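Chains as they are written, first to last, in the numbering used here: chain A, 1 to 98; chain B, 1001 to 1669.
Simulated from the structure, these hints should not be mistaken for lab results.
None of the values given here were measured: they were computed from a predicted structure.
Some hints here could point you the wrong way.
[As the list claims (entries may be wrong)] In silico BS3-like links for lysine-lysine, alpha-carbon gap of 27 angstroms or less:
1) B:K1234 with A:K54
2) A:K54 with B:K1602
3) B:K1246 with A:K54
[To be verified] Taking beta-carbon pairs under 7 angstroms as the criterion, some of the chain A residues facing chain B (in silico):
4) P60
5) Y72
6) R77
7) E80
[What the hints assert, rightly or not] Label-pair distances were calculated between CB atoms; the ranges are:
8) B:K1190 with A:F16: 37 to 45 angstroms
9) B:L1265 with A:F37: 28 to 36 angstroms
10) B:F1504 with A:M61: 54 to 62 angstroms
11) A:F37 with B:K1130: 34 to 42 angstroms
12) B:N1201 with A:F37: 18 to 26 angstroms
The beta-carbon is built from N, C-alpha and C at its ideal position, and this holds for glycine as well.
Spelled out from the first residue to the last, the chains are:
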Amino acid sequence: MRHIIFKIVTLKAILFMTLDQLKIGQSAVVQEFTDDFLSLKFIEMGCLPGEIVKVVNIAPMGDPIAIEVSGYVLSLRKQEASTVVVTILNDVILNKTI
Amino acid sequence: MIAKSHTIRIALVGNPNSGKSTLFNSLTGLTQKTGNYAGVTVEKHEGKFNYNHTSFSVTDLPGTYSLFPKSLDEEVSCKTILSHAPDKPDVIVIVADSTNLKRHLLLATQLIDLKIPCVLALNMIDEAKKQNITIYKTELENILGIHVVFVDSRKKTGLEELKSKILNAKDSHSIFYHFEKQLNLFPNLKTYKELVELQFNCTDEDSKKIKQFEKEDNISRFHKLNYIIAKCIKKPEQLNKSLTQKLDAVFTHKFFGFIFFFFILFIVFQFVFFIADFPMAWIEKSFAYFMNVTSNVLPNGELNDLIVNGVLAGISGIVVFIPQIALLFLFITVLEDTGYMARASFILDKIMQKFGLNGKSVIPLISSVACAIPSIMSTRTITNWKTRIITILVTPLISCSARLPVYTLIISIMFKDEHMFYGFNYKGIVLMLMYLLGFGMAFLAAFILKLILKSNEKNYFMMELPVYRMPQWQTVFMLVFKKVKLFLFNAGKIILAISIVLWFLVSHGPTDFPVKFKNDPTALKTSQNELNAQKLESSYAGIFGKKIEPLIQPIGFDWKIGIALITSFAAREVFVSTMATIYSSNTSNGNTTLREKLSSQKDLITQKPIYTNAVCWSLLIFYAFAMQCMSTLATTYSETKHWKWPFIQLVFMSILAYGSSFIIFHLLK
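Assemble the whole structure, with the sequences as input and the hints as a guide.
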C-alpha cells in the first residue's frame, strides 16, 4: 500500500509542474491556477484549464518567457508563469493529439 | 433596427492588435478629430462618414480584452459602451482578427450579451486566406445572431458591406453567459448588462462575487467558443508563422537583440537631432523673413511690436519643433505598428524590473525624448499602479525636445565649432552626455521610488507578442498628423500666450517707465546699449527677476536668467526666446546672433564674462533636472487623479535640480 502511494506521489511530481519550469519548445496542458487574481487575466487571455501551451521563447536575460496559446504568442514573467500548474506533454503524444 | 432620423453613432470595439485603428482610418479618412474623454486624458478618436443618405459618426475605443477591465484604457472602453449618456453609441462594431478568432470572439460574445445592436467585422481576412483559414460566415451569423462582415482594412475590402450592415444592425437573441451562476450570486440582477455595470459601483463583497462570476463565465464562454470554432472555422493543422519566428530569433537574440535595439535608437536619434535640423532651419529662416516683412509693412508703434515680437515670435517658437516631434512620433508609431516595440519590451523587461519599471515603460521612456506629455499618457497600458506611478514620475527627467534648444544655446556658448576631442565635435559629445544624464537620473529616481513607494497590488506583466506586419502607411501618417496637431494646439496655446505676456513684461514697466527715458537728460549721454539695458532693468520683467535674484545667486544665475527661469515654466524652450527678447533690446546691431551676444556679455563692474563655464554647466544641469513644464504637471494630475503626484514631482525635481546645480557651480567656480 505504502509502495503504491509513494509511486503516485512521485508520478505526480514528475507530471505536474509549473509553466515557468518548461524549456523552449516544450508543450504542456494547463491544469489549474494558484493565484486568484492572475487566473482571471490568464483566462481572459485564452489560457485556461485544458488548453495546450508551448514555450516558444525566453528573453535574453532568462525572464520573461513567451508562450504560444490559443493561436497567438503571449509574453509573461516567470513569476506569473509559476502560478500556472501544467502537465507536460511528451512530444510523441503532442504530435498525435494536434 | 435603428431610427434613421439622426446621426448614427458607432463605436469600434476590439482586442488590442485587431487592426481597429486601420479600420477606423479606412472608414473615416480625413474627417478625424482627436479629443479627450471628459475627466481623463485618454485620447478620443472620432470621425465621420456618409452612407446611403445617412451620416455616421465613429469613435475608435481603446483596445480591450473583455468587459471586465484590468487597465485604465480598458475601463474607458467599457464605460463608453455601457454609457447612458445621450451620446452613447447606437451600434457597436466588434473588430476581430480573422487569423486568431478564438480569443477575439470572447469579447464579441460578451458584447452580444449586453443586448445592444452589434456587427462583427472579421478583419485581416486576406491574411486568414493566405493561412488557408476558412470561415463559414452564415454558420457564424446563425450562432452569434448578428451580422458578420469580412473586411480587410488594409486593402479596404468589405467596407461598403460593413456600412450597410451597420445600418441594419440588430441585437442578437443568442445568449452566451452563465445564467444560473448569475442568479446564484446576484439574485436581484436581471440582465448581464446590470452585472457588468455593477463592477464600476459596488461593495468589496460584490466585487469578490463578480470576480468569481467572471472566472466561471469566461471559462464557459471559451468552452462554447471551442464548439463554435469547430463548427464555423476550418484551419490548417500547422500554422505558418515562420517569418515571425525567424525575425524573433534575431530581435530577441541574447546578443543581437540588444545590438539591434541600440541600433534602432541610434537611427532614431540621428533623425530627430540631425536630419530634423534642416527643416527646422528653413522654418526659422522663413519666420525671420516674414517677421521682417511684417514689421516693415505695419505702421510703427505698439501694435507692430506686439505682432512681430510677441505673436509671430511665439508662433515661430512652436512651429520650429514640428519636424523633430513629427519624426519621433513617426518612428515610434512605425515601431509599434510593425510589432517591434513589443519585442523591445520583452527583452528589456528584466532590466526595467530592477528599477521598479517594466517592459511597457520602454515606450513612454523613449517617447519622452520628444515630449513628456504624450509619454505620460501612454503609461495607461501599464496595468500595475506602482509601476505606472514610477514611470509617470521619472519620465520628465528624460531630456525632452524642449530642452534641446536650451542645451544647444548654452553648449554653443561654452564650445566653439573648432573644439575637437579626438576627432569628435565637443558640442556633440556634451549634448549626448546631457541625454545620458537624463536617462541615468530617471533610472536612479525610479530605483529610489521603488524602495519608497508601497503597494499591495499584484505586479504582473502580460503582453501579447503580435505577428510582425508591414506598417500601414496611411494609418501611420494619420496618427503622426493627429499627435503633432495635438501638440501644436495644446502646448502651443500656452507657449503663445506666455510669449505675449512676456513681450508685455519686457517692453512695459511701472507708470513713469517710458517718460523717464524720454526726459532724463543723463540718459542721452550714455550709449544706446546701456540705455536699453537700463530700460530692461526697470521693466516689470526686470523688477521681477531682481526679486528672485537672491534665491538663484547661489547657483550662479543673475536676474536676467531669473526672468528666463520664470518664463520657462510655460515650456522650457521659452528660455531661448526670453533670452533673445532680453538681449535684443541690448544691441543696436540686429545681425549678431544670440549666442554671440551671450558670450560677449561682461559684468559692468568687474568686466569679467558673465557666462563662464561654471554658470553654463549650472544652467545645463538645472534645465536637465528641473520640473519647468506646467503642461506636464497638469497631465500628471489628470492621469493620476490626485494633486499629490504632480506636487511630489515638482518638489523632488526642483530639489534635485537646485542641489545638483549648486554643487556643479561651486565645483567649477
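Now the hints, each set against the structure:
Of the pairs offered as hints, the one joining B:K1234 and A:K54 holds, with about 22 angstroms between alpha carbons and a cut-off of 27 angstroms not exceeded. With a C-alpha separation of about 71 angstroms, the suggested pairing of A:K54 with B:K1602 is violated against the 27 angstroms cut-off. Simply put, B:K1246 and A:K54 have alpha-carbon atoms about 17 angstroms apart, close enough for the 27 angstroms limit, and the pair holds. For A:P60, the suggested interface contact is upheld, since its CB lies about 4 angstroms from the closest CB of chain B, less than 7 angstroms.
Taken as an interface hint, A:Y72 checks out: its beta carbon lies about 5 angstroms from the nearest beta carbon of chain B, inside 7 angstroms. Interface restraint check for A:R77: the shortest CB-CB distance to chain B comes to about 5 angstroms, inside 7 angstroms, so the restraint holds. Look at A:E80: its Cβ gets to within about 5 angstroms of chain B, closer than 7 angstroms, so that hint holds up. Between B:K1190 and A:F16 the CB atoms are about 42 angstroms apart, so this pair conforms to the stated range of 37 to 45 angstroms.
Between B:L1265 and A:F37 the C-beta distance comes to about 35 angstroms, which sits within the given range of 28 to 36 angstroms. Checked against the hint of 54 to 62 angstroms, the pair B:F1504 and A:M61 passes, with Cβ atoms roughly 56 angstroms apart. In this structure the hint that A:F37 and B:K1130 lie 34 to 42 angstroms apart at CB holds, the actual value being about 38 angstroms. The hinted range of 18 to 26 angstroms is satisfied by B:N1201 and A:F37, whose Cβ atoms lie roughly 21 angstroms apart.
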